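Use the sequences and the hints to build the structure in full.
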Amino acid sequence: METVWLGEVAYREALDLQLSFLDRRAGRRIPDTLLLLTHPHVYTLGRAGDEANLLVSKETLASEGISVERVGRGGDITYHGPGQLVGYPIVRMDKPDVHKFVRSIESALMDSVRAFGVDARRIQGLTGVWVGERKIASIGVGIRKWVTYHGFALNVTTDLSRFKRINMCGLKGREATSIAEETGSTPPMEAVRDAVSAACSRRLEGFA
Amino acid sequence: MLIDVVMPQLGESVVEGVVVKWLVEVGQAVAKDQPLLEISTDKVDAEIPSPAAGKVTQILVTPGETVPIREVLARMETDPAAAAPVEEVPEKWDEETEGFPGHMARASAPPIPVPPRIETSALPPSAHPAAARIRITPVVARMAAERGLDLSRIPGTGIDGRVTRKDVEAYLASGEARPAGPPKAVPAPVPKPTVVPPATGAGPAPKAAPPTTSGEDQVVPWTPIRKKIAEHMVRSKHTSPHVHIFAEVDMHKVAAARARSKKEGVNLTYLPFVIHAAAKALRETPVMNAIVTGESTVLKKDIHIAVAVDTEKGLLVPVLRHADRMSLSEISAAMDDFGARAKSGKISPDELSGGTFSITNPGIRGNLFGTPIINQPQVGILRLGQIVKRPVVIAANGEDSIVIRPMMYLCCAYDHRVIDGVAGNGFLYRVREILEAGDFF
Chain B
933 METVWLGEVA YREALDLQLS FLDRRAGRRI PDTLLLLTHP HVYTLGRAGD
983 EANLLVSKET LASEGISVER VGRGGDITYH GPGQLVGYPI VRMDKPDVHK
1033 FVRSIESALM DSVRAFGVDA RRIQGLTGVW VGERKIASIG VGIRKWVTYH
1083 GFALNVTTDL SRFKRINMCG LKGREATSIA EETGSTPPME AVRDAVSAAC
1133 SRRLEGFA
Chain Y
403 MLIDVVMPQL GESVVEGVVV KWLVEVGQAV AKDQPLLEIS TDKVDAEIPS
453 PAAGKVTQIL VTPGETVPIR EVLARMETDP AAAAPVEEVP EKWDEETEGF
503 PGHMARASAP PIPVPPRIET SALPPSAHPA AARIRITPVV ARMAAERGLD
553 LSRIPGTGID GRVTRKDVEA YLASGEARPA GPPKAVPAPV PKPTVVPPAT
603 GAGPAPKAAP PTTSGEDQVV PWTPIRKKIA EHMVRSKHTS PHVHIFAEVD
653 MHKVAAARAR SKKEGVNLTY LPFVIHAAAK ALRETPVMNA IVTGESTVLK
703 KDIHIAVAVD TEKGLLVPVL RHADRMSLSE ISAAMDDFGA RAKSGKISPD
753 ELSGGTFSIT NPGIRGNLFG TPIINQPQVG ILRLGQIVKR PVVIAANGED
803 SIVIRPMMYL CCAYDHRVID GVAGNGFLYR VREILEAGDF F
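Residue numbers (our numbering), protein chains in the order written: chain B, 933 to 1140; chain Y, 403 to 843.
You can trust all of the hints, since none of them are fake.
Between beta-carbon pairs, the in silico distance windows are:
1) K1027(B) x R628(Y): 54 to 64 Å
2) L1058(B) x P465(Y): 22 to 32 Å
3) L425(Y) x K1027(B): 15 to 25 Å
4) K1027(B) x L404(Y): 21 to 31 Å
5) S750(Y) x S952(B): 19 to 29 Å
6) L425(Y) x I962(B): 21 to 31 Å
Derived from the structure by calculation, the hints contain no laboratory data. Predicted model, so just to flag it, every value in this text is computed and none were measured. Each residue gets a CB set at the ideal place from its N, CA and C atoms; glycine is no exception.
Following this line, the structure appears as structure tokens:
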């Protein structure tokens, strides 16, 4: 699997990029590719997402220059922004096994944060990666032309107050956490990026 | 051939999925791999591509339903004649699997596919007496369909005279096959359409008696550029069903912005504002920023707007690359530069290609409005109308009043093959909103 580091990319632009990688992957012109990047502040709502889970008004957000995007993915509302490592694995699935894929992403992220001293776990029935009852990474995957897109968002040094403005993933009362929050130190994004890249290469092999 | 579209198995532990949304309707023609529906399972949403080209004949589940794997979701009638030749042969043909991906489709009655047929010709049903005796696997049927082969002409060497993959390959290698195009099934009289539209362009005028010209008439042979324009216009009208929609735009905020920049010494025409607004709206309506190739729409990531420039040599359409990233003054400067170089003939061919959307501005004598022709293979075009001061009714402080405003009719043409009314109208409405909001900087 190849990894591409894109730096900070606006949400819509990143979606366009994903789809162009997806098309090329579907046409077998490129290998499986992991896009790694960060987004500027944005709240995204899944197709079934309820705006009631956004706890502040759109006007307030707009005045702060933060957009709310409705996205054609599953899941409810989430936040992306600086300090959060976002990964979009573009993986071809000749024999789709979506559960295994999601579990593999979880494994890769658990491996990654462990390297920074965070002991993370799964919670049955709640996709994502958790530290105790706090969520450190969210996952949402889409498949088109039998190629995956969308992916995961791992909080590294994310400003966690941003999550207080939403009912995260539609779940009331769940809190977000980050590597910085859990360890009290702020690892450089580059180091986390490299760890995630390596873990994904290991865990996301063999779906084609 | 009637086939079932079944709920695919999306993993070993996945036993069911929820149908989220149908992307097609009963009776709709679909291309192979065109997404048919979206299903969802545990934070994973998947689009299910069509296993074949054809027509959807039945939709059996409604959105919101939870469906176990392998259950039939829809039925479709495949259309072998429509199947284009495959660009690349998948690495492996497997005689034992049914189609590709293997779990996507299973053939239902009739179990033995009839050879491809020509849809429009009224062939007698007995034209293929041999059809029922041909024993083939679905994979062979697919190969035949994709290459437009008549299986009754291929000698079978398998068990019971079964046509195997090797037979098809040998047949193809023998050069007897005519790849692509409808199969030469029966030399039955195929009714020909009486009007044959020029397939590749305007070409020479239909053969008719040379027009009579009197001594004072002037015959002007087409220059190469005129010929190219003619060909393109005819091809576009034959290719795309054009829908033309209009917006009436209050340009007073644009006029005010122009006045402001004039004070700062920057002379802007109305055109850069429209380009700027269109680029912004295109970013929000990806389907308008697209090109068509074959039976696919390519949603373009970059926004490259082709802008028509009138020159002495005829109409030229230089392309503003990444128009969405340019400021008004950058757009204006680029247009001035194009205009100057177009007049002196110094535009390189590269600058005229790669557009993803077009805007045409006939200028101050452009009349009230017009219905532009789409610049192929793009799917949309905007045309500015004349800007005229008109009395309009506005609501201010809860009261209606009549004011004088510079008004413009903006026409958008879109390719109705690809763009539905909602997207097309939404796009133009958005362009108008941006222009009327007057927030350009």
